[in-house]
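Enquirer: Assemble the whole structure, with the sequences as input and the hints as a guide.
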Amino acid sequence: MNLAATLRLALAALIRNKTRSMLTMLGIVIGVAAVLVTVAIGVGARTSVQQSINSLGSNLIVVQPGSVTMTGARSGLGGASTLTPDDGLAIAKLPGVAAVSPVASFRTQAVAGDNNWQTSVNGVAPTYTFIRSWPLAAGRFFNENDVASAAKVAVLGQTVVSQLFPNGDSPIGQTIIVKGAPFTVIGTLQALGQSGLGQDQDDTVLIPYTSAMQRLTGLTTVNVLMISAASADEIDPVTARVTALLEQRHRIVPPQTDDFAVRNLQAIAQTASQTGTIMELLLAGVAAVSLIVGGIGIMNIMLVSVTERTREIGLRMAVGARGASILRQFLAESVVLATIGGVIGVAAGGIGTLAVAALTHWPTTIPFEWILASVGFSAMVGIFFGYYPARQAAQLNPIEALRFE
Amino acid sequence: MAAVVEVTGLRKEYAMGSDRVYALRGVDLTVQPGEFVAVMGPSGSGKSTFMHLIGLLDTPTEGTYRLEGQEVSHLSTDTRADIRGRRLGFVFQAYNLLPRTSALENVELPMVYAGVSEAERRRLALEKLALVGVPQLAAHHPNQMSGGQQQRVAIARALVNDPGLILADEPTGALDTKSSQDVMRLFARLNDEQGMTIMLVTHEPDVAAYARRIVTFRDGVIIGDAMNDRRAA
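Quick note, the sequences are listed as chains A and B, same order. Numbering of the first sequence is given in the numbering used here, commencing with residue 1 and proceeding in unit increments. Numbering of the second sequence is given in the numbering used here, commencing with residue 1001 and proceeding in unit increments.
Simulated from the structure, these hints should not be mistaken for lab results.
Pairwise CB distance ranges (calculated):
| no. | chain 1 | residue 1 | chain 2 | residue 2 | range |
| --- | --- | --- | --- | --- | --- |
| 1 | B | S1043 | A | N300 | 31 to 41 Å |
| 2 | B | Q1136 | A | R403 | 29 to 39 Å |
| 3 | A | N2 | B | Q1144 | 25 to 35 Å |
Here are some chain A residues the structure puts well away from chain B; computed CB gaps all over 12 Å:
| no. | residue |
| --- | --- |
| 4 | A90 |
| 5 | K93 |
| 6 | W117 |
| 7 | S149 |
| 8 | A151 |
| 9 | G180 |
| 10 | D236 |
| 11 | L265 |
| 12 | T275 |
| 13 | I296 |
| 14 | L303 |
| 15 | T307 |
| 16 | I344 |
| 17 | A355 |
| 18 | L372 |
For every residue, glycine included, the Cβ atom is placed at its ideal position computed from N, Cα and C.
Expert: The following block contains the structure:
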């Protein structure tokens, strides 16, 4: 008998016992679906974390003022306990540092003609767009001269553009009022979308940090220093150097605690990704166990089927079936059973993945090779767990099989 | 023309625990083409064992067996399966049709293993169903047929590879008198008209009466071998 005929025969035998066949393949269906949803969640979570990191900038290190500086008397005594633009300039001279930008931010009302909009105003350095990997949409960004002269120039995010200039006019060259001071718009930024935390990153006005501090807030300290390391490998060394430099500049000696915190997002992302990997392995383990349980279910039913069809096997042998033909026939049944289970499992996994994507808004995808692997693995489960019952069938003595009641 | 069956000194022993059971103690028998032989004897006489050996479902402990001139007593399992499918036809007491499978497909079954093409299988199966007088049952499943009809389909299945020998093991054992007569007349007709060589096991004299020759077994040996002068019709 050729392969197509054997498979057709196997399919016919399975259709004869529809309910039983479907219940038997349920184990495989659930196993495969579980594997695929697990993989999809893993891939989705990883992509999502990676996207958040990429949207914040490449090789980013962030220095924030430590919480100890906000409370108690020590910060007052220290005098230099918060971050200043000078700290940033000193950091920029460190090896491995590609760029530094202070960020002095506050929320305020921006006004342009009849329109006004509350937004986040960020005083930054010209290096900011490089650090954030944030390209311009139009116009130019401010330069060192603008910083030196505390120029009243602004670059707008797309949300601010659409709120302040709703009729579609180019904002370049227009004037906006920020805290009573007129700023000339010299450029606009490309849309960046939501951050990993769900904030609208385009809802911002960028001005030189000198303008922000000297003209608008009167503060000498900044909220954050953003640093871009020269390469991913430099992130950890730079983090250490920045910590050492700032401890020196802020005259911090043990047992005093640092009045700042240096964080790099890569470390956070790695931790998140490691946690994800462990979860993924756990889930994959559970899924694999369920596939094996499904395989045992198949073996069980195939053994029942061999017993039930003992006389059929005897008859087939009497009319000329070799043991190998009988083996093939029963093996084909378990493989077809397991493979159909695998295919249904892929479909169920796909639906499950869509459900997860809808719930989490993660970019979940099932890699194609995983679909192939799941179906292939199901077929192998069918062969592995179907072999023993099929061999039992093939080794029956035709005389006894024909007499079997 | 070679004899269909030619056995000499056939012995079969089984181990039953520590005992040895002698099912056949040396049987010689020759069956020529076109013969219709009834094998009779009480339970335990060895007639079933003999039929299993003739049907190549088992191998003898000792002795030779030539089927249509070919020595077949000690062949491999696979070769015996091939010969069973191509040169022997089996009819059983319990019909042994595959359930939930049409009569046509049941009749096709031996040809599936003999490697006959699908179209040819269909043609031959329909032809044999017509030969045994049930062409209208081709699409019926066994549970839609009477016992007599099922046995006719089973006979069509036995005929389908044009075997040299039909082996029937108590073919009327599960049938009422009327159906038994019909089935036996069918065997007689196949023997008369087609020249089919038939060996059938029975313990009923009424059934054996349809055969041309009656061989009687007792305690593992043949104790009687006579032509049947008064054939039933």
